[in-house]
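Q: One line per chain: the protein sequences are A and B, in this order. Read in order, the letters of the first sequence correspond to residues 27 to 138 in the numbering used here. Read in order, the letters of the second sequence correspond to residues 23 to 141 in the numbering used here.
Any given hint could be a false lead.
Unchecked claim - 27 Å max Cα-Cα, derived BS3-like pairs, lysine-lysine:
1. A:K77 to B:K85
2. B:K45 to A:K50
3. A:K77 to B:K45
4. A:K62 to A:K138
5. B:K35 to B:K85
6. A:K77 to A:K50
Unchecked claim - Covered stretches of chain A (in silico footprint by chain B; criterion: 3 or more residues with CB under 8 Å from a CB of chain B, positions within the stretch not fixed):
7. 71 to 79
8. 125 to 136
The set of hints was computed from the structure by calculation and includes no laboratory data. Where a beta carbon is used, it is the ideal one built from N, C-alpha and C, also for glycine.
In case you want the letters, here they are:
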Amino acid sequence: DIVMTQSPDSLAVSLGERATINCKSSQSVLSSSDNKNYLAWYQQKPGQPPKLLIYWSSTRESGVPDRFSGSGSGTDFTLTISSLQAEDVAVYFCQQYYSTPTFGPGARVHIK
Amino acid sequence: QAQLVQSGAEVKKPGSSVKVSCKASGGTFTSYTVSWVRQAPGRGLEWMGGITPFFGTPDYSQKFQGRVTMTADRSTSTAYMELSSLRSDDTAVYYCARYDSILGAFDYWGQGTLVTVSS
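Can you build the whole structure from these sequences, using the hints too?
A: Here it is as structure tokens:
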């Protein structure tokens, strides 16, 4: 299975400041057949299921605020929240579906 | 707008089985894969397997092979996940999620079902 790692595992950010979370896969998740990275990002708040934010490493799901952006290719990916809002306090997971799906361990974002 | 609604919380004894349901509405049930993902308390997300109702053939994570059974009833748009030989470390919230193969992601999730395994 592809192993997903994330860093940092927790970060404190001031309101209005940028938050950056990194995700690394143990092998490339770039599909040669369609040139897409099968890498998604999810947000999970306490007591709720995960919510899809980003797919294909950089495409925002419908309804997701544009302060959330994804980047990267191959094995290295980043989720950026450009201006942290109070409602963004959550745990963020990356996930690959290039092969048997696996998730990163999560990164907790909280307010400084 | 698709929606997945799961059955309620369960408390089970070690060695027993649990069956969780996931009823879909607002979408084309048969065309998508319904996956099951679990989350132990304070832990990350773990994919258990999935089933595409149109084909009916499940795909299981090796970790759960032999202990999990996933089925789908097209007439009621309901998917089921049964886990047997329960242990205390199976205590977790179990989610069903719709996998969209075009997006390569789980775009809709059920609300979760807490399964507690305790003697």
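Q: Take the hints in turn and mark each one as holding or not.
A: Against the structure, the hints come out as follows:
1. A:K77 to B:K85: Distance ~25 Å between K77 of chain A and K85 of chain B Cα, so the pair holds.
2. B:K45 to A:K50: Cα-Cα ~34 Å, so violated.
3. A:K77 to B:K45: OK: K77 of chain A and K45 of chain B at ~18 Å, within 27 Å.
4. A:K62 to A:K138: 35 Å, violated
5. B:K35 to B:K85: 21 Å, holds
6. A:K77 to A:K50: Answer holds: K77 of chain A to K50 of chain A is near 20 Å, not above 27 Å.
7. 71 to 79: Contact hint for the region 71 to 79 of chain A vs chain B: holds, 4 residues under 8 Å.
8. 125 to 136: Satisfied; 7 residues make the cut.
Hints 2, 4 from the list above are not met by this structure, while the remaining hints are.
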